[in-house]
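Taken in sequence, the protein lines are chains A and B. When you line the first sequence up against the numbering used here, it's residues 1 to 254, in that order. When you line the second sequence up against the numbering used here, it's residues 1 to 141, in that order.
None of these hints come from the bench; they were simulated from the model. On a predicted model such as this, the values are computed, not experimentally measured, just so you know. Incorrect hints may appear among the rest.
Said to hold, decoys possible - Label pairs and their computed distance ranges (CB to CB):
#1 B:N101 x A:Y33: 25 to 33 angstroms
#2 B:S60 x A:A29: 46 to 54 angstroms
#3 B:L80 x A:S188: 20 to 28 angstroms
#4 B:S105 x A:G199: 52 to 60 angstroms
#5 A:T146 x B:N50: 56 to 64 angstroms
#6 B:S107 x A:R121: 51 to 59 angstroms
#7 A:G208 x B:S107: 31 to 39 angstroms
#8 A:H12 x B:W139: 50 to 58 angstroms
#9 B:I96 x A:Y33: 36 to 44 angstroms
#10 B:S71 x A:F226: 49 to 57 angstroms
#11 A:T102 x B:E94: 18 to 26 angstroms
What the hints assert, rightly or not - Okay, derived cross-link-like pairs now, DSSO-like style, lysine-lysine, Cα gap no bigger than 27 angstroms in a straight line:
#12 B:K63 x A:K92
#13 A:K71 x B:K63
#14 A:K92 x A:K57
#15 A:K57 x B:K63
#16 B:K69 x A:K57
#17 A:K57 x B:K46
#18 B:K46 x A:K92
For every residue, glycine included, the Cβ atom is placed at its ideal position computed from N, Cα and C.
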Amino acid sequence: MNMIGVSRNRRHGQVLILSALGIAGIIIATCVYTYQLTQYSGLDISSSPNAFVENLKLESRNLITGVLSNKSNGGGDDLISTLQRWSSFIYKNHNSGTCRMTYHLNDENPYSSGILIDWARNSTGVSGAQVLLHIRMTSEGWSLNTSYVVDVTTRIVVDGIAVSLNDTAKIISVNADLYNEDNHALASSLEILYRSGYGWVHADSADGYSLNDFGNGTYKASFTVFNAGTIDVSVLSRDERGIFTMANSTCNQV
Amino acid sequence: MPRNKRGEIRVLEALLASAIIFSALLAMIPLKEYLHSSHDSEALSKIGFNVLIEADNDGSLGKLISERKWSIIYDRLSLLLPVGVAYNLTIYNEDIQPLGNGSISSSWGSTIGNNVAVQFLLADKNSLRLYMIRLQLAWMT
Chain A
1 MNMIGVSRNR RHGQVLILSA LGIAGIIIAT CVYTYQLTQY SGLDISSSPN AFVENLKLES
61 RNLITGVLSN KSNGGGDDLI STLQRWSSFI YKNHNSGTCR MTYHLNDENP YSSGILIDWA
121 RNSTGVSGAQ VLLHIRMTSE GWSLNTSYVV DVTTRIVVDG IAVSLNDTAK IISVNADLYN
181 EDNHALASSL EILYRSGYGW VHADSADGYS LNDFGNGTYK ASFTVFNAGT IDVSVLSRDE
241 RGIFTMANST CNQV
Chain B
1 MPRNKRGEIR VLEALLASAI IFSALLAMIP LKEYLHSSHD SEALSKIGFN VLIEADNDGS
61 LGKLISERKW SIIYDRLSLL LPVGVAYNLT IYNEDIQPLG NGSISSSWGS TIGNNVAVQF
121 LLADKNSLRL YMIRLQLAWM T
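Can you build the whole structure from these sequences, using the hints too?
In structure tokens, the structure reads:
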């Protein structure tokens with residue numbers, strides 16, 4: 001009986017120690033598992049792929065906007081060489097794996113090498129750029145592919161009305177709406193000219209000139225002209241991104 | 001075996017078992033510290049990245065860099081970063097040469113623990129120049 005008692009005591013002790021070891025092992029295993037999970041979850045956000053893609057999206061857009069602004073104002077920078085330089089800069093300075101950005105410029109009419117400048121349409125002027133960008137990132141254990149379109153467009157729509165006051169005088173009302181992509185946008189500068197057979201004249205030198213800015217991308221100007229036939233108006237604008245566009249319109253006689 | 005002996009042995013066994021479990025818990029403290037500081041680093045990185053995105057959302061940060069307006073950049077970053085975060089900003093040109101006097105910093109000498117570095121590539125839409133920004137962040141004492 002004593003032998004059985006001793007044996008039971010020993011087993012009781014062994015079970016207790018083994019159980020404690022088991023619990024300790026579970027605790028350590030859980031912590032190691034958690035640690036290993038954090039190793040793969042990309043805690044270093046500075047090299048997080050999604051963060052870097054957001055960085056590239058923003059700055060690619062800024063760069064394309066800059067080229068369009070330059071081009072619309074008569075400058076010589078082109079999209080291809082600028083994007084080539086940007087792509088090379090990204091490749092050299094991405095510090096987590098490799099990152100390659102490739103681009104495809106929209107060459108379908110009315111675009112040419114990614115740029116659209118069309119100020120000859122009746123009542124509408126457009127300055128635009130459209131590029132398809134593809135980003136491929138690879139590192140140990142993962143890769144990321146994403147494509148997106150950068151579309152930068154500034155459009156102005158002009159409408160003119162001529163109302164005869166008497167035999168000689170006419171009041172000209174010009175309405176101009178400025179858009180960035182499909183949204184109304186503010187102009188950083190706006191210039192209105194008119195023509196009645198003698199060449200273009202600044203409207204702000206005409207009698208009774210006034211310009212109303214409605215604060216939402218809509219502008220309305222009015223002025224008086226004398227001894228004029230058919231009146232053409234031209235609105236030259238620059239949006240807050242510096243992109244220039246212009247449109248001409250023949251005033252409707254009322 | 002006498003009862004008191006059995007009792008002593010049981011107590012010792014229980015103490016040993018407790019010591020094993022307690023040791024396992026103690027051994028996990030450094031890991032817990034690491035995870036906590038990792039969480040801090042993650043938060044700082046997110047802050048730094050979001051601040052740079054916000055600062056250049058309209059392309060104005062690029063223009064300020066091209067025009068070397070360091071005091072305005074300093075003011076803007078100080079405004080965007082939360083209180084208690086120190087920073088050290090270094091800007092490199094396209095040839096990875098540092099611009100200006102080296103770096104723009106705020107309270108960088110009074111920081112504790114780990115600092116994180118956020119790297120951000122930037123294009124100035126006015127001059128079409130390219131820059132690399134390195135923003136180091138740390139919690140202040």
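Verification of the hints:
1. B:N101 x A:Y33: 25 to 33 angstroms: Once the Cβ atoms are compared, 48 angstroms apart, the range 25 to 33 angstroms for A:Y33 and B:N101 is violated.
2. B:S60 x A:A29: 46 to 54 angstroms: Given about 52 angstroms between the Cβ atoms, the range holds.
3. B:L80 x A:S188: 20 to 28 angstroms: Once the Cβ atoms are compared, 24 angstroms apart, the range 20 to 28 angstroms for A:S188 and B:L80 holds.
4. B:S105 x A:G199: 52 to 60 angstroms: This hint holds: roughly 58 angstroms between Cβ atoms.
5. A:T146 x B:N50: 56 to 64 angstroms: Check failed, 20 angstroms falls outside 56 to 64 angstroms.
6. B:S107 x A:R121: 51 to 59 angstroms: 56 angstroms, holds
7. A:G208 x B:S107: 31 to 39 angstroms: 59 angstroms, violated
8. A:H12 x B:W139: 50 to 58 angstroms: 51 angstroms, holds
9. B:I96 x A:Y33: 36 to 44 angstroms: 40 angstroms, holds
10. B:S71 x A:F226: 49 to 57 angstroms: 54 angstroms, holds
11. A:T102 x B:E94: 18 to 26 angstroms: Holds, since A:T102 and B:E94 (Cβ atoms, about 20 angstroms apart) stay within the stated range.
12. B:K63 x A:K92: 23 angstroms, holds
13. A:K71 x B:K63: 18 angstroms, holds
14. A:K92 x A:K57: 17 angstroms, holds
15. A:K57 x B:K63: 18 angstroms, holds
16. B:K69 x A:K57: Within the cut-off at roughly 25 angstroms; holds.
17. A:K57 x B:K46: 17 angstroms, holds
18. B:K46 x A:K92: 23 angstroms, holds
Hint violations for this structure: numbers 1, 5 and 7, all remaining hints satisfied.
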